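Undergrad: Based on the hints, put chain B in the right spot on chain A.
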Amino acid sequence: MARTTPRPSPARRAAAWVGRDGWRHLVMAVVLVFALFPILFVVSAALNPLGTLSSSHLVPRSVSADNLVELLTQTRFGAWYANSLLIALANAAATVLLSAMAAYVFSRFRFAGRRPGLYGLLLVQMFPQFLAIVAIYLMFSFVGDHWPQVGFNTRTGLLLVYLGGALSVNTWLMKGFFDTVPRELDESAQVDGASHAQTFFRVLLPLVTPVLAVVGLLVFISTVNEFLIASVFLRDPGAKTVAVGLYGMVADQRDANFGMFSAGTLLLAVPVLAVFWYLQRYIVSGLTTGAVKG
Amino acid sequence: MVQAPSGAGGPSRAPARPPLPGGALAPSGSMAGPAAKIGLLGLAAALALWAVFPLYAAGQWLGVGVVAAATALIFYVYLSRRTVPAKYLLPGTLLLIAFQIVPVVYTLSTSVTNYSDGHRGTKEQAIDQIEASSVVRTEDAEEYTLTVAARGSAATGELVFLLTAPDGTAYAGDAEGLTPLEGAEVGPTGRVTAAPGYTVIPAGEANARSAEITEFAVPTGAGTGIRSSGFTSAYEGRSTRVYDSGCDCVTDTETGRVYAADDERGAFVAGNGDRLAQGWQVNVGAANFARFLTDPVTGASFFGILAWNIAFAAVSTAGVFAVGLGVALTLHTPRRLAGRTAYRLLVVLPYAMPAFAMFLLWRSMFNTDFGLVNRLLGTDVDWFGEPWAARAAVLLINVWIGFPYMFLVATGALQSIPRELVQAARIDGAGAWQAFRAITLPLLMVAMAPILVATFAYNFNNFNAVWLTTAGGPFPPDNPMAGATDLLITYTYRLAFGVGGAQYGYAAALSVFIFLIVTLISLVSLRRSAALEEVHR
Chain A
1 MARTTPRPSP
11 ARRAAAWVGR
21 DGWRHLVMAV
31 VLVFALFPIL
41 FVVSAALNPL
51 GTLSSSHLVP
61 RSVSADNLVE
71 LLTQTRFGAW
81 YANSLLIALA
91 NAAATVLLSA
101 MAAYVFSRFR
111 FAGRRPGLYG
121 LLLVQMFPQF
131 LAIVAIYLMF
141 SFVGDHWPQV
151 GFNTRTGLLL
161 VYLGGALSVN
171 TWLMKGFFDT
181 VPRELDESAQ
191 VDGASHAQTF
201 FRVLLPLVTP
211 VLAVVGLLVF
221 ISTVNEFLIA
231 SVFLRDPGAK
241 TVAVGLYGMV
251 ADQRDANFGM
261 FSAGTLLLAV
271 PVLAVFWYLQ
281 RYIVSGLTTG
291 AVKG
Chain B
1 MVQAPSGAGG
11 PSRAPARPPL
21 PGGALAPSGS
31 MAGPAAKIGL
41 LGLAAALALW
51 AVFPLYAAGQ
61 WLGVGVVAAA
71 TALIFYVYLS
81 RRTVPAKYLL
91 PGTLLLIAFQ
101 IVPVVYTLST
111 SVTNYSDGHR
121 GTKEQAIDQI
131 EASSVVRTED
141 AEEYTLTVAA
151 RGSAATGELV
161 FLLTAPDGTA
171 YAGDAEGLTP
181 LEGAEVGPTG
191 RVTAAPGYTV
201 IPAGEANARS
211 AEITEFAVPT
221 GAGTGIRSSG
231 FTSAYEGRST
241 RVYDSGCDCV
251 TDTETGRVYA
261 ADDERGAFVA
271 GNGDRLAQGW
281 QVNVGAANFA
291 RFLTDPVTGA
301 SFFGILAWNI
311 AFAAVSTAGV
321 FAVGLGVALT
331 LHTPRRLAGR
341 TAYRLLVVLP
351 YAMPAFAMFL
361 LWRSMFNTDF
371 GLVNRLLGTD
381 VDWFGEPWAA
391 RAAVLLINVW
401 IGFPYMFLVA
411 TGALQSIPRE
421 LVQAARIDGA
431 GAWQAFRAIT
441 LPLLMVAMAP
451 ILVATFAYNF
461 NNFNAVWLTT
471 AGGPFPPDNP
481 MAGATDLLIT
491 YTYRLAFGVG
501 GAQYGYAAAL
511 SVFIFLIVTL
521 ISLVSLRRSA
531 ALEEVHR
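For the protein sequence lines, the chains are A and B, in the order given. Just so you know, the UniProt record's numbering puts 113 at position 113 of the first sequence, and the rest follows in order with no gaps. Just so you know, the UniProt record's numbering puts 404 at position 404 of the second sequence, and the rest follows in order with no gaps.
Hints were generated in silico from the structure; no laboratory data involved. Here the structure is a predicted model, which is why all the values come from computation and not from measurement.
Below, computed lysine to any residue pairings styled on SDA-like, alpha-carbon distance capped at 25 angstroms:
no., chain 1, residue 1, chain 2, residue 2
1, B, K37, A, F201
2, B, K37, A, R110
3, B, K123, A, M139
4, B, K87, A, L160
5, B, K87, A, S188
6, B, K37, A, R202
7, B, K87, A, R202
8, B, K37, A, T156
Pulled out of the complex, with its shape left as it was, chain B reads as follows:
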């Protein structure tokens, strides 16, 4: 039934020629292969040229080198006759390195820094920001007409001040400083109405970001900066906090207080321990890792969350396995069962529904006041307000989402078990349950064990299942960072992007911990299930 290679003039039709040794590399006579190869290499070269030009223009020599090396590798692999495995692995591997491994390595390197809100950039940028944000209006202050804009979306994009000087010149000001604004449309009042590359923020949305706008400052040089007064005007003033490179410190000219640079913490610190909000990024070594092991508050919540996380993954996996296998066994009979096809299709329906939407829908169904669950049962349970009710609800939802997949897998595994084995056991006098325990289940587990391990690993980091339903809550009154249904991954996400200010370095360290835990659990269980034996062949 194999389709023979049907390339034009295939050697199989030319018995005069003996089969060549190393037939895999023998010329086949077909032109399709070489043509495809030339086309693909041409495409790779064109892409490389397209990619390298902006890098060259920006003077990013490291980037130019990376593109050149990757292109050279592609040409070497596809022109060489000896690198057959690499020919098949290269495209996927390049994507894997660029979009998985590089981010992971970057995360690892972030985990040993203090990278967070207030510690984002270099020391120079921090000094610029300290000076700019401390400016006060002087008598000769220059006034600008202000238009608040953003790069990207008005709601979340990086803030930019579009400024019109009294002489009509337009500038764009960001945390780096002022740059002339080209191609701006300036309205009759002097406000910029549109500029390429920027989104002008409408008044309504500016209100929502007003705290951010008030804080925002554009450094304009040593000891000066531009700040807003309201949403439509800005002034250039003189800094009250000035950096002196001689003492490597910042002096507040109003209070006379001196903040000395602390290069280990990445902040300017006064004698009494006060520190300025703007710091810079420094290497803190293992401090992030030590933090939740030594800090009693985070330490306690970490291990509490870890325990629930393991329970969540284990109970979810056991739940979907039990229900899925139960349904598969119910429908598994040698006789014709009326409606079996219909049952199969209906049972699989939850799997075909968009999972993220169903999580949100279940959240609504568990709503205390309007939710379907309370209305149907006639109860008044505050499902997401009580820790154990919330945990039960999340587990129920997750089993609902996951069991149809396990049903499909179990159905396939059951069908691959020869019926004669079970029949023989029954003839020998085994009961149905005994035959199942002794024959069916062990054979089934051979097929299912790797899938169960994968399901466990997947549920261990099942962000959506928790975030879209309880969002980690309910939270104890004394700790708004660690909720009763929080998984490590939702807890980490809240730390990284949460309301208490972003703590990327700390969150990255937690990611590394999660990675180690999941890896350990999965490797141990995969080894025990011997699923990796195949690799050793």
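Extracted from the complex, chain A is given alone in its bound form:
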């Protein structure tokens, strides 16, 4: 078609480009300004050697690594960082395994208590978990008296509290994805003599990788961001997570440690971005296929 029409004038081509693609670039420019200027501000504040809020600008006026060095030497950021990563990775891995197991059962088996179980998971999730923090606090005072290894100030104890929520909306998301895998696949495997465990681990899990990746990422991000339970649970300076530690830096409104805080924020974004980058090909399909099927 294009070959038979005469070449339009440059002005008309420009107008056509604006009508077709140009407006998209214009919209994206506006969106990117909105999306990126706070991030630009963090970068700028992290590089600004003065490190106070009032001296921070959108574009850095001078650049140094002072904040980073101070963060790593003056605070126990390394320990916090290790705590956060360890807890988030362990929680993501365990949650993915536990909720995949539950989703497999809810998707493939029909048993008494299946519907109440699925509804119950949704209901329990709607109780704001940290309003039970007083109860959790008292529970772990008891636990700490008898088993100090999992009481307050231990990563294992905090992980246990987080794992209480392993079966949750995630199970629903995964179940939706499991439902899209044809049943004939696991039925034929079972006719061939595969046990239910073999069906689960060798047939189904490889087919649902996208949703495993998505749930893992969501849990990882939300664990890194979890602040309230961690602040009650980990009170020794060395046992904190990054969220608790960084909050302490700017808790008072003076914000004298603003540069260090920004440097810490950027360091924390690095592993999240890395996981994100690694999993990105799964994310779009994992998020939506599960959702389509409820």
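TA: Chain B only, in chain A's frame:
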């Protein structure tokens, strides 16, 4: 493309054997399964033994029973051949019960009590505390050398007095009484410098807690107690308020006033209505629930907060949906759009930044004097000081945090809609907007509705978004408990842990209310979006 089960000697390679009925339970010939099962059961048994020993030593028979029952259940489920669903559900369910359901049930039971500061323990503990905190120094008072310590952190841990008697014996004193202190290191002045299990509070931090230390009293028996005089010495004195079990009352020997026990309110009350600060925990029934419905002050703020809470969740959800879908539609074109991959990655960046830190950062950007927003715009708006400015700021921040996620979801949903449908509509003469309204949007909503409901429920209780930015403020001058941007959850948190003394019972009742409201809204909308249809299959 399915990976066939590759267990050694899998039956698929043995055509002589016909497929077994109930193949799921047929022996596979692999040793990995049984070995894993034995290993896991062994681990469960070892954990149970480890868990039960301290309970046994402490005589916690109920706890021993719970551990035994859980272990028996685990063994039954994994050794039985008939409980296949339970095998997959048990680990997650046990964790769910222990760390979600038990706390929720405990919260429910707290909501019908007066549990709060001053009403924490039993009546006996309250009496001990009343007697101990009313001691006055007598002439023959025994003097102790005092070291203020805490269990856990020096700033927030439970206070403990480490006491050295004149004869050099060291004791630990808490609200329960005195216990001999073992393994303490005592310095030359008689002060304890270190003791296992306790954190000695340095002078600087003791200053910060001085009010608490002055109030602190160690009961030592009927009518006596130990209180501090300064941070380095303490004395054992005689109580001026004494409990008499005959009249079930406390008599103040100095003023002669009598405080009678009120077992319905959990407090000792004098004839003129004065009550002693130390009370005990009692069941108050529905009083907490009735309180904010009948009390005009809390009632008004409750419904005001509820209205803003619903608006906050609705506008946040609508905002992230509109921006996220808008961006997804902008990038959704069958042609090659230059830079699309770069756009996608950059737009998602806010989602990958740590949200709690970005909330704090936005708080700084809205700072009136030094904040970036005012400096860039050249304005002087007191963002967090004006109710509507603060609300607008919180909503803007929340949309910034949330829209990239909605963008990802919308991108996936758009890609799953067949292009032919839209093309057919366009050929039939529909405009771009008409085709979008009639074809794309309805199909999109099928996929997005459950996610929108979940987003609404999430934002309804989005504690961080408010607490880390405005902390609920600004507050009206006449009510420091309910701010303009407070959500129910931040309001409840302030009640439960706030400066006006902790009111756990009341806060628990509010939690139950929040739970009911969110459940109702979510169930209604989920039903309407038919997302639960799948369960009925």
